[in-house]
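J.: Chains G and P, in that order, are what the protein sequence lines are.
Here our numbering = 1-based position in the first sequence + 515.
Here our numbering = 1-based position in the second sequence + 515.
Hints should not be assumed to be uniformly reliable.
Heads up, the list lumps identical chains together, so a pair's fine if it works in one copy or across two of them.
Under the rule of at most 16 angstroms between Cα atoms (straight-line distance), these lysine to aspartate or glutamate pairs were calculated in the EDC-like manner [said to hold, decoys possible]:
hint	residue 1	residue 2
1	K724	E799
2	K655	E762
3	K541	E647
4	K724	E593
5	K757	E782
6	K655	E687
7	K655	D578
8	K674	E721
9	K603	D578
10	K757	E620
11	K757	D781
12	K551	D690
13	K541	E680
14	K551	E673
15	K655	D758
16	K551	D781
Just so you know, the hints here were simulated from the structure itself, not pulled from any lab data.
Since the model is a prediction, treat every value here as computed from it, not as a measurement.
2 protein chains.
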Amino acid sequence: MLFEKIAFIGFGLIGSSMARAIVREKVSGHIIAIEKSAQARQTIIDLQLADEVYEDIAQGVSDADLVIIAVPVGSYAEVATQLRSALKPGAIVTDVGSVKQSVIEAVCPHIPESCQFVPGHPIAGTAHSGPESGFADLFKNRWSILTPLPENDVRAVEKVTQLWEAIGANIEIMDPARHDLILAITSHLPHLIAYTIVGTATDLEEHMKNDVVTFSAGGFRDFTRIAASNPVMWRDIFLHNKDSVLEVLQRFTEDLTALQRAIRWDEGAVLEETFERTRKIRREVIEAGQADYATATGSQERTPPVSDLPTRSDSAA
Amino acid sequence: MLFEKIAFIGFGLIGSSMARAIVREKVSGHIIAIEKSAQARQTIIDLQLADEVYEDIAQGVSDADLVIIAVPVGSYAEVATQLRSALKPGAIVTDVGSVKQSVIEAVCPHIPESCQFVPGHPIAGTAHSGPESGFADLFKNRWSILTPLPENDVRAVEKVTQLWEAIGANIEIMDPARHDLILAITSHLPHLIAYTIVGTATDLEEHMKNDVVTFSAGGFRDFTRIAASNPVMWRDIFLHNKDSVLEVLQRFTEDLTALQRAIRWDEGAVLEETFERTRKIRREVIEAGQADYATATGSQERTPPVSDLPTRSDSAA
Numbered sequence: 516m517l518f519e520k521i522a523f524i525g526f527g528l529i530g531s532s533m534a535r536a537i538v539r540e541k542v543s544g545h546i547i548a549i550e551k552s553a554q555a556r557q558t559i560i561d562l563q564l565a566d567e568v569y570e571d572i573a574q575g576v577s578d579a580d581l582v583i584i585a586v587p588v589g590s591y592a593e594v595a596t597q598l599r600s601a602l603k604p605g606a607i608v609t610d611v612g613s614v615k616q617s618v619i620e621a622v623c624p625h626i627p628e629s630c631q632f633v634p635g636h637p638i639a640g641t642a643h644s645g646p647e648s649g650f651a652d653l654f655k656n657r658w659s660i661l662t663p664l665p666e667n668d669v670r671a672v673e674k675v676t677q678l679w680e681a682i683g684a685n686i687e688i689m690d691p692a693r694h695d696l697i698l699a700i701t702s703h704l705p706h707l708i709a710y711t712i713v714g715t716a717t718d719l720e721e722h723m724k725n726d727v728v729t730f731s732a733g734g735f736r737d738f739t740r741i742a743a744s745n746p747v748m749w750r751d752i753f754l755h756n757k758d759s760v761l762e763v764l765q766r767f768t769e770d771l772t773a774l775q776r777a778i779r780w781d782e783g784a785v786l787e788e789t790f791e792r793t794r795k796i797r798r799e800v801i802e803a804g805q806a807d808y809a810t811a812t813g814s815q816e817r818t819p820p821v822s823d824l825p826t827r828s829d830s831a832a
Numbered sequence: 516m517l518f519e520k521i522a523f524i525g526f527g528l529i530g531s532s533m534a535r536a537i538v539r540e541k542v543s544g545h546i547i548a549i550e551k552s553a554q555a556r557q558t559i560i561d562l563q564l565a566d567e568v569y570e571d572i573a574q575g576v577s578d579a580d581l582v583i584i585a586v587p588v589g590s591y592a593e594v595a596t597q598l599r600s601a602l603k604p605g606a607i608v609t610d611v612g613s614v615k616q617s618v619i620e621a622v623c624p625h626i627p628e629s630c631q632f633v634p635g636h637p638i639a640g641t642a643h644s645g646p647e648s649g650f651a652d653l654f655k656n657r658w659s660i661l662t663p664l665p666e667n668d669v670r671a672v673e674k675v676t677q678l679w680e681a682i683g684a685n686i687e688i689m690d691p692a693r694h695d696l697i698l699a700i701t702s703h704l705p706h707l708i709a710y711t712i713v714g715t716a717t718d719l720e721e722h723m724k725n726d727v728v729t730f731s732a733g734g735f736r737d738f739t740r741i742a743a744s745n746p747v748m749w750r751d752i753f754l755h756n757k758d759s760v761l762e763v764l765q766r767f768t769e770d771l772t773a774l775q776r777a778i779r780w781d782e783g784a785v786l787e788e789t790f791e792r793t794r795k796i797r798r799e800v801i802e803a804g805q806a807d808y809a810t811a812t813g814s815q816e817r818t819p820p821v822s823d824l825p826t827r828s829d830s831a832a
C-alpha cells in the first residue's frame with residue numbers, strides 16, 4: 516500500500532470521491548475523515564465511507580502518513596495552525612484547493628521540518644456538494660495539477676503523484692502563479708459569469724422569471740448548472756485568487772464592451788469575425804480530449820470523443 | 516396529410532431537422548428545399564433529404580401550401596421581397612427565427628392578402644450547422660413559441676400548431692416583444708458571454724492558450740461549446756434583437772461590476788449570498804424539466820430528470 520493511513524480534512528464531494536477511489540484501488544487500507552459538520556459526519560458513518568471519523572483536526576491527523584486538505588480555501592489558515600504540533604513525523608500533507616499561491620502562503624509556515632507539503636489541485640468536480648455526492652470515478656482521465664515547492668523532497672512529490680495516478684488522474688506539474696492564472700480563465704471567470712447571469716435573471720420581475728425558467732434551454736440552462744456550485748467554496752476561490760480573477764475579468768470586460776459597441780453600431784463584420792475565431796478554440800478543446808460526453812443517466816464513464824456529436828439544444832437560439 | 520407540399524427557405528440544422536421529422540411523422544409527403552449554397556444543395560441531394568431542390572426562392576415556393584423560412588434573420592428582408600408574387604394563393608408562411616419583432620417587420624409587408632404569416636421559433640438546436648447536422652428528434656419535448664399576428668386567421672395558426680405538435684414540440688403562444696426579451700436573457704446574452712470569454716482566451720499569449728485548452732474542464736469547456744455556434748446566424752440575432760440584448764447586457768454588466776467590487780474589497784458575504792440565490796434558479800429549472808440529460812453517445816432521447824444527477828467536471832474548480 517502506498518500509504519498506511521490517509522486523513523482527510525474535509526470530506527465533501529472531492530474528499531469523499533478520493534476516499535472511495537483510494538479504497539477501491541487499494542492505495543490505502545485506512546481512511547480517516549475529519550469533518551466540522553455533524554451532519555456530514557453522520558452521513559460518513561451511515562454510508563461507511565471512512566474507518567475513523569473525527570471533528571477535531573489534531574486528533575484526526577495524529578496517526579496519518581498522508582493528510583489531504585479538502586476544505587474551502589478560506590479555511591486553510593485555520594486548518595494549518597492546528598496541524599503544526601499534531602502531524603506525525605515524516606507525514607506528507609497535500610491539498611485539493613482550486614487556488615495555489617494563497618494556499619501555499621497559508622499552509623507552509625505551519626508544516627514542521629520533518630513533514631512535506633505538496634500542493635495539488637484536481638480539475639474535476641460536479642455542481643454537487645457533500646460526502647453523499649462523491650463517486651470513485653470522478654478523477655478518471657482528469658488532470659490533477661501539482662505545484663511542488665522548491666524545498667519539496669522528490670520522494671514526497673512522487674508518492675502524491677502515484678496516488679493520483681492510481682485513482683485514474685493524469686499529473687501535470689506547474690508553477691503556482693501560472694496555475695492561478697490559467698484556472699482564473701478556465702474555471703474561476705466562467706463561474707463568476709455564470710453566477711452573474713443567473714443572478715441577473717433572478718432579479719427579473721416575477722412573471723418574466725417564470726418564462727426564463729420555462730424557456731431556459733437556449734443556453735441559460737448550462738449557466739444554471741455551473742451557478743449551482745458550492746457557494747462557500749466559490750466565495751473563497753474568488754477572494755483567494757483575487758489578483759488573477761480581477762486581471763482576467765478586466766480583459767473579459769474590455770472584450771465584452773467591444774462586442775456591445777459592435778452591436779450598438781451595427782458592425783456585423785466585427786461580430787462575425789469574433790464568432791468565427793472562437794469556433795477554432797472549440798475544435799482545439801475537442802482535439803485535446805477535454806470535451807465531456809459524460810451523461811448523467813448514471814454512467815460516469817467518459818467516452819473519448821471521436822467527433823463533436825450534437826448535444827441537444829446546447830445552442831438553441 | 517396536414518400539408519401537401521412544404522417548402523423550406525434555408526435547409527440547415529433547423530430546416531433539415533424539421534424536414535426529417537415531417538417525413539417521419541407523415542405531416543407532409545413532399546419536401547421542397549431551397550438553398551443558396553451549392554454545397555448544401557449537393558448534400559441535400561446526396562442524403563435524399565428533399566423531393567425537390569432549388570436555388571431560386573420564387574421557383575421553389577410556387578407550389579407549396581406551407582413555406583418555412585429557416586435562414587439567418589438578417590436574410591429575411593431579402594427573402595420576403597421574393598415571396599410576394601411567388602406564393603401560391605392561400606399558402607401559409609411561417610419561420611423559425613430567434614428574433615420575432617424584426618422578423619415580423621421584415622416579412623409582413625410582403626405577404627399577399629390571400630396568404631398568412633404565422634411567426635414561430637423552436638427553442639432547440641445544437642452547436643452544429645448544415646443539412647448534414649439535422650436529426651428528426653431535435654424538437655421532441657422542446658418548446659416552440661408562436662407569436663401570431665392580430666390579423667392571423669385562427670385556422671392558419673392552428674395548422675402551424677399541429678405541425679409542431681406532430682413533430683414532438685410543445686407550443687407556447689407569446690407576444691413578440693416579450694419573446695424577444697425572454698430570449699435575450701435565456702439565449703442571446705449567454706451566447707454573447709460565451710463568445711466573449713472564449714475570445715478573451717483566444718487572445719492570450721500562445722503558451723497560455725495551450726494550457727487553457729488542456730485544462731478547459733473547469734467550466735470553460737461548456738462555454739466553448741456554446742461559442743462554436745453558427746457565426747452568421749448569431750451575428751444576425753444580435754443585430755436584430757439589439758434593444759433587448761443591450762438592455763439585458765446592461766443589467767448583466769451592473770451585476771458583474773457589483774461582484775467585481777465585492778471581490779476587490781473582500782466582501783465575502785455579498786458573494787456567498789449571491790451564489791446561494793442562484794442555486795435556487797437551478798432547482799426551478801430542474802423542476803421545469805428543462806435540464807437536459809441528453810448524451811451525445813448517439814441517443815438523442817431526453818430523460819425527464821428525476822433528480823439532478825452529477826455531470827462530471829461541470830463545475831470543477
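J.: State the violated hints by number, sorted upward, taking the hints as numbered earlier in the document.
T.: 2, 3, 4, 7, 8, 12, 14, 15 and 16
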